[in-house]
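Student: Here is what each chain is made of, one letter per residue.
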Amino acid sequence: MKIIALLVSVALGVILLVATNDLPEWGDPQSPASTHLSRYYIENSMEQTSVPNFVTAVLADYRGYDTMFETAVIFCAGITVLTILRRSHRRKKKDVQPRPCREGQDIILKSAARLIAPMMQLFALYVLAHGHHSPGGGFQGGVISGASFILLSIAYDLEMLLSRLKERTIMFFSGLGVLIYAGIGAICLLLGGNFLNYSSWSKILQVSEVEARSHGMLGIEIGVFITVTFIMISLYADLASGGEMDEGL
Amino acid sequence: MIQSQLPILIIAIPLLMALAISLFGRKSDILCFYLLVLGMAATFAAALGTLSQVLSTGESIHYYLGGWSAPHGIELVIDHLSSMVLCMISGVALLVGVYSKRTVPAEVPFRTEHEKIPQRVPNYYTLYSLLIAGLLAITATGDAFNLYVSLEIAALASYGLLALGQGRAYFATFKYLIMGTIGASFYLLGVGYLYIKTGSLNMGDLQGILAQAAMQHSTSITIAFAMIMVGIWVKMAFFPLHGWLPNAYTLAPNTSSCLIAPLMTKVSVYMMIRLMFSVFSANYVFVTLGWQNLVVPMAAVAIIFGSISALGQKNLKRMLTYIIIAEVGYMVGGAWLGNANGYIGAVYHILADGMMTLCVFMALGAIIYKTGDSSLESMRGIFRKMPITAAIFVLGGFAMIGIPPTCGFFSKWYLVTGAYEAGQWFFLGALLFSSLINAIIFFRIIETGFFPDFNREKESGHHEGKVAMAEAPLSMLLPMVITALSLLLIGLYSKDIINGLIRPSIPPGLL
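Just so you know, the protein sequences line up as chains A and B, in that order.
Those letters in the first sequence? Residues 1 to 249, per the working numbering, in order.
Those letters in the second sequence? Residues 1001 to 1511, per the working numbering, in order.
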């Protein structure tokens, strides 16, 4: 069986190599990928969306519908893991071996984490807000912000984190992020535009249509940020507590 | 205004409803159920709205997301074919939604008999709604990469729904997860090659570029096509890539299998047809490549393998999963015959097989709900105990055998005609063989169900066989009866469906 698997993998590798045969040269400026659509984005994204970072413009506006589903995928993954792993609290505590629990007494770790966590959160917000101008955005910022909470719960213990952020709260916010995204899109429908056509927000925001697109992108990035942050926390808490969401590592 | 926004409403309603269930349904399980049914009913109404729009104008609807025109932004394209599949998906979702009222509280929240897990029902319904949003988005999209993203969300939600079953369901679903991810990677790899060669992701745009002579004979494009097909075949459990399906579907909760068995494989077949004819073209697939002499016999093998394996199963649910594998062979074979009749048979079978799989799975689910058992023995005396459910099961079985006037007959008729025209004798033989096997399987079940256990009666001295009637509750019977009626209606109106919906969607180049 292993030999068959090896043969299949090798054959696949050969096929993939053959396929590269008539691909365009690496970095060729005349290749279809750099001439067909990309030129349009490079030339027009600034005047159409007033976002200088056209990667953000493509991701959050031209192909914002994909990104909405990507956010929903993260939400869906979080819910799936929670649904599968979640258990009820152990009723007979005496019968089971105690889980490895950190005492959370290390003063150096705790102090360092207390200093680092707010910095991380601040930086996460910067990455989120600066996505229009530099690499960054909701996904990256959300991961950093989620990591800051995980750092705290590693330095202290999971119980400390979960006593401040209840399971319900975590699930509420992870859904809320997707709702902000889809809601911004759905309100465009009420304002008379197509779904996710942020320019229709200009009626509410009192800015030009191009400016409204930029603001709309910031709005959906905030939604992505919230979902990613809380799904990170949820995944960590779920895995670290063995699905019981009470205490753990 | 609402008329022009219908295409996005079909996708946005289930997505927003999933969020509403997750945010506001955590206090009460029954509230989640009502929200779900409400959302699915609204989605079904929107799907019917687009169907009537397509039928009245006779043209496909293009919807530009974010207001960006076609190759630059993402567009939804709803034509005859996709509007039909959209109606089927949302209809099945609504029926199973109603059906789930009793089954979900009975089987979902418990890991074992004693352990009730908090928050499982709201999470279950959230995943349910996300699955439907994903499947509808796959069907409506006109963008090859957006199809991948939608596929991802549908697949993830289905892993969650399937894993909640009993026993080894986790392991079976884990296998499915690995296989499904490999399938999705193949698809993504294929789309990646297409993008490198063409610089576009929009299906219509891609088709235009791929029609150029240089593209027609490019090795990369050929390999991209092969990758995309293999990826989708994994997703639809096409023989020999079917290994994950029987266990994953058998061990899943009944509600999940009722929902996923009719939809997931059928939507994958739709994806295959969409990519073959709307991204590539009939000319490219059948003339330039000419792989039909490889794929159609493989489909025939899938049919024969599925049928024979089904014959050997003791567990009825597992038996039905093998029939699904055989049915996938019908549709792949039909689409690859390369003529109009084969195409009509395959597309009509998406609708017909979706409804008949739903019918038998729901009836079996009701029997399991009442008897707690899914072996052939559980069917003994079922006609006395649950006459309506049993009648529905038999009707579903007749459709699978292909007895007129149920819908199964007509799809087989077109498939057989197509196979005859294409000269694919092996495939034709496999179709007839599979009908025969299905007849054996279902008549065996009917025989078991109709006659009580004589031996046991003799022992206990009951000659009348006084089995108390114990019919399934109304929330389960109602969707079952509607599904069973739809089997007859789809069969009786097959001419209208084919002439009105399927013939206009026949891609150019198929005769």
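Warning: the hint list may mix true and false statements.
Taking CB as the label site, the calculated pair distances span [as the list claims (entries may be wrong)]:
1) 1038(B) x 40(A): 39 to 45 Å
2) 5(A) x 1421(B): 37 to 43 Å
3) 42(A) x 1432(B): 57 to 63 Å
4) 1312(B) x 13(A): 45 to 51 Å
5) 164(A) x 1170(B): 27 to 33 Å
6) 10(A) x 1170(B): 28 to 34 Å
To give a feel for the contact side, a few chain A residues facing chain B, derived at Cβ under 7 Å [stated by the list, open to error]:
7) 88
8) 189
9) 195
Worth flagging that the hints you see were computed from the coordinates, not collected in a lab.
Glycine included, each C-beta is placed from N, C-alpha and C at the ideal position.
Student: Hint says 37 to 43 Å; check whether the CB-CB distance for residue 5(A) and residue 1421(B) agrees.
Tutor: 40 Å, holds
Student: For residue 1312(B) and residue 13(A), compare the CB-CB distance with the range 45 to 51 Å and indicate the outcome.
Tutor: Violated - the Cβ-Cβ distance for residue 1312(B) and residue 13(A), about 37 Å, lies outside 45 to 51 Å.
Student: Given the hint of 28 to 34 Å, check if residue 10(A) and residue 1170(B) actually sit that far apart at their C-beta atoms.
Tutor: 32 Å, holds
Student: Does 27 to 33 Å hold as the CB distance between residue 164(A) and residue 1170(B), or does it fail?
Tutor: With a Cβ separation near 32 Å, residue 164(A) and residue 1170(B) satisfy 27 to 33 Å, so the hint holds.
Student: Min Cβ distance, residue 88(A) to chain B: is it shorter than 7 Å?
Tutor: Given a least distance of 6 Å, the restraint on residue 88(A) holds.
Student: The hint names residue 195(A) as touching chain B; please verify it with the least Cβ-Cβ distance against 7 Å.
Tutor: Since the shortest Cβ distance to chain B is 4 Å, the answer is holds.
Student: Using the C-beta atoms of residue 42(A) and residue 1432(B), is the stated range 57 to 63 Å upheld?
Tutor: 59 Å, holds
Student: Given a hint of 39 to 45 Å, does the C-beta separation of residue 1038(B) and residue 40(A) actually sit inside it?
Tutor: Holds, since residue 1038(B) and residue 40(A) (Cβ atoms, about 41 Å apart) stay within the stated range.
Student: Minimum Cβ distance from residue 189(A) to chain B below 7 Å?
Tutor: 5 Å, holds
Hint 4 from the list above is the single one not met by this structure.
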